[in-house]
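Colleague: As a plain string of letters, each chain reads:
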Amino acid sequence: AQSVTQLGSHVSVSEGALVLLRCNYSSSVPPYLFWYVQYPNQGLQLLLKYTTGATLVKGINGFEAEFKKSETSFHLTKPSAHMSDAAEYFCAVSSGGSNYKLTFGKGTLLTVNP
Amino acid sequence: DTEVTQTPKHLVMGMTNKKSLKCEQHMGHRAMYWYKQKAKKPPELMFVYSYEKLSINESVPSRFSPECPNSSLLNLHLHALQPEDSALYLCASSQERAGQPQHFGDGTRLSIL
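These protein sequence lines are chains A and B, in that order. Residues 1 to 114 (the numbering used here) make up the first sequence, in order. Residues 1001 to 1113 (the numbering used here) make up the second sequence, in order.
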């Protein structure tokens, strides 16, 4: 079984401040990890993914995430928030296998204050 | 621009109507998915098709009927829906390999009167 916990359903930052969105996972096998962003009235857009190899993963729009196996974490960061980053962010885990099911966290709403 | 196209973008229907949601992708993906998303919640998996065959049905009520006519198209047929079925319906596709990300369409916003 696999699960994802996103700490903080709502994170608020000032424009230009560091963005940190937390994600912890549980998986019985080496996980594949993803961060998705959802803007209002849109679908989910892939920000970045971790499969194997380098544990620091860079994504689109200046976001990056670090896979820490010992902490079972995959936190999302961005050095400087922009107003356009305001959206819902979902962390997701897949254990691979033959069904390719994604398990999502409950999501974190990021607001950016001017 | 999304590479997974869903139509219509909005749909309002009565509980006795029959309608269909459509999804199309041209990325050569052989896995396709239907999700239901309620406001302020993550997507919930409904169905998975792999090589045009239904591989997962997450105990979805029979008033939702999926169809995969070919490797690029995915339909969701709706009949006798209930008000609680009002939601955003998302289609996604992916390569048939572990660890491959799913690519989502912008969804169909469904309202049941």
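Keep in mind that the hints were calculated from the coordinates and are not lab data. Since we're looking at a predicted model, the values are computed, not measured. Among the hints, a few may not be true.
Within a straight-line C-alpha distance of at most 25 angstroms, the following computed DSS-like cross-link-like pairs (lysine-lysine) qualify [as the list claims (entries may be wrong)]:
1. B/K1053 with A/K101
2. A/K49 with B/K1040
3. B/K1053 with A/K106
4. B/K1038 with B/K1018
5. B/K1040 with A/K106
6. A/K101 with A/K68
7. A/K49 with B/K1041
8. B/K1041 with A/K101
9. B/K1018 with A/K106
10. B/K1018 with A/K101
11. A/K58 with A/K68
12. A/K58 with A/K101
13. A/K49 with B/K1019
14. A/K101 with B/K1036
Colleague: All the hints need checking, so say for each whether the structure fits it.
Modeller: Against the structure, the hints come out as follows:
Annotation: proposed proximity of B/K1053 to A/K101 holds, straight-line Cα distance about 16 angstroms (limit 25 angstroms). The suggested pairing of A/K49 with B/K1040 holds, with an alpha-carbon distance near 23 angstroms, which does not exceed 25 angstroms. Between B/K1053 and A/K106, the direct Cα distance comes to roughly 29 angstroms. Violation of the 25 angstroms bound is thereby established for this hinted pair. For the hint pairing B/K1038 with B/K1018, the CA-to-CA distance comes to about 21 angstroms; that is within 25 angstroms, so the pair holds.
With a CA separation close to 8 angstroms, the supplied pair B/K1040 and A/K106 stays within the 25 angstroms bound. About 22 angstroms separates the Cα atoms of A/K101 and A/K68, which keeps this hinted pair within 25 angstroms; it holds. A distance of roughly 21 angstroms separates the Cα atoms of A/K49 and B/K1041; the hinted pair therefore holds under the 25 angstroms criterion. Restraint check: the Cα-Cα separation between B/K1041 and A/K101 comes to about 17 angstroms, which is no more than 25 angstroms; the hinted pair holds.
Between B/K1018 and A/K106, the direct Cα distance comes to roughly 32 angstroms. Violation of the 25 angstroms bound is thereby established for this hinted pair. At roughly 29 angstroms between alpha-carbon atoms, B/K1018 and A/K101 are farther apart than 25 angstroms, so this suggested pair is violated. Between the alpha carbons of A/K58 and A/K68 the distance comes to roughly 15 angstroms, so the proposed pair stays at or under 25 angstroms and holds. Distance check on the hinted pair: A/K58 and A/K101 sit about 23 angstroms apart at the alpha-carbon level, within 25 angstroms; holds.
The hinted pair formed by A/K49 and B/K1019 fails the criterion: a straight-line CA distance of about 36 angstroms is larger than 25 angstroms. Under the criterion of a C-alpha separation no larger than 25 angstroms, the hint pairing A/K101 with B/K1036 is consistent with the structure, at around 14 angstroms.
Checked against the numbered hints above, the structure violates hints 3, 9, 10 and 13; every other hint is satisfied.
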